[in-house]
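Work the whole structure out from these sequences, hints included.
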Amino acid sequence: TLFPRTALERDGFESADPWFHCFVAEDPGVGLVGYMLFYYTYSTWDGRQAYLEDLYIKPSYRKSGVASRMLKSLAQHKRSIILSGVSIPQELLARGCSRLNFSVLNWNETAIDFYVKRGAVDLTRDEAWHVFRFRKPNLEELASKE
Amino acid sequence: MVPMTLVERGASMSDGIAIREARRDDCAGIMKLIHELAEFEKIPEEIVITKDTLERDGFGSEHPWFRCWVAEDPAAGLVGFVLFYYTYDTSDGRQAYMEDFFVTASHRGCGVGGRMLGCVAQVFLLLSLRDLFQDFWDFGGFGGCLGFRGVVGFGGRGVPEAEVLARGCTRLSFHVLNWNRDAVDFYVKRGAMDLTRDEDFHVFCFAKHTLEALPK
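Those sequence lines, one after another, are chains R and E.
Using the UniProt record's numbering, you'd call the opening residue of the first sequence number 1 and step up by one each time.
Using the UniProt record's numbering, you'd call the opening residue of the second sequence number 1 and step up by one each time.
Since the hints were derived computationally from the structure, they do not count as laboratory data.
It is possible that part of the hints are untrue.
[Stated by the list, open to error] In the DSSO-like style, the derived pairs of lysine-lysine whose C-alpha atoms are separated by at most 27 Å in a straight line are:
| # | chain 1 | residue 1 | chain 2 | residue 2 |
| --- | --- | --- | --- | --- |
| 1 | E | Lys208 | R | Lys72 |
| 2 | E | Lys51 | E | Lys32 |
| 3 | E | Lys189 | E | Lys42 |
| 4 | E | Lys208 | R | Lys117 |
| 5 | R | Lys117 | R | Lys58 |
| 6 | E | Lys51 | E | Lys189 |
| 7 | R | Lys63 | E | Lys189 |
| 8 | R | Lys58 | R | Lys72 |
| 9 | E | Lys42 | E | Lys32 |
[Unchecked claim] If the Cβ cut is set under 7 Å, some of the chain E residues that face chain R in the computed set are:
| # | residue |
| --- | --- |
| 10 | Ile47 |
| 11 | Val48 |
| 12 | Phe66 |
| 13 | Leu78 |
| 14 | Tyr85 |
| 15 | Thr90 |
| 16 | Ser91 |
| 17 | Arg94 |
| 18 | Gly118 |
| 19 | His175 |
| 20 | Leu177 |
| 21 | Ala192 |
| 22 | Met193 |
| 23 | Asp198 |
| 24 | Asp200 |
| 25 | Thr210 |
Quick caveat, the model's predicted, so the values are computed rather than measured.
Quick reminder that beta carbons are idealized off the backbone N, C-alpha and C, glycines included.
Structure representation (structure tokens):
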């Protein structure tokens, strides 16, 4: 099911305190060919962090360095640069973030290789961290018990 | 319906332990609990942040980096805390993530943890209500059909756009160390799912030096 465009517009662009930030890779004459959606988070050990929720590149643009440049642009704090007709804004360390976190499905070997090759650590494998989740009905039940 | 009184009052009293939103002057007490939690989790990393960092990032501006609720025993000071922040999912929208949830050893097993989690759940549901009313005015054309239907009991897929816009946080995510059986039991008993076990999600991170060294 498609997530409504209006919700993205409201949550990302209509307040001074957006729910997420989004960078896109644009090929002039073609349009958007990739995007990166992230938000700022917090660790009670090393403070300000960011979480990479989505990183997606259209199939025909993969293995051409676009994803790599997008990830790099996220890590740097220089102004936007234009390379080979693809322009990418840059941010993250300027805010004082000490880490970029994200989740990967363990069977997605292409993605895992991409990240591990660049120094990412699998905290589930190395430190036994598991991702848990409460869904809304659970939250409602928890709230009603008070 | 969501009981409003708890969050309106900003506190809950039970067995003498008050559960309330953290204030700036709680940061020293929260840091103490953070250190206890780190010891409990056997994590070798140095804790880099200080009371000043917490004050700056949680209470120093209009856009805090986190929210925090504490449990306070008048005789003992802060005995528990839950620290969380708002996140986003491109299929379900607004979410929340629970970064830390801890009750000091002497106060475990007497319901403090359960009550803290209940308070946080109410905050998320109250967020739904606030947005509901805001959206009603912003998107006037929906003609009052949002009502309170939008707050309770959403389906997953095929939810009408109006309801997606009206809902607040739909999920609360968090991490647990797999060997921490007490914590795992506590959450599973309340309906939480282990996405690592069930859906093969792995948690990754880039530390600062690897971010700086990212190749083009």
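Which numbered hints fail: Result: hints 6, 7, 13 and 23 break, sorted rising.
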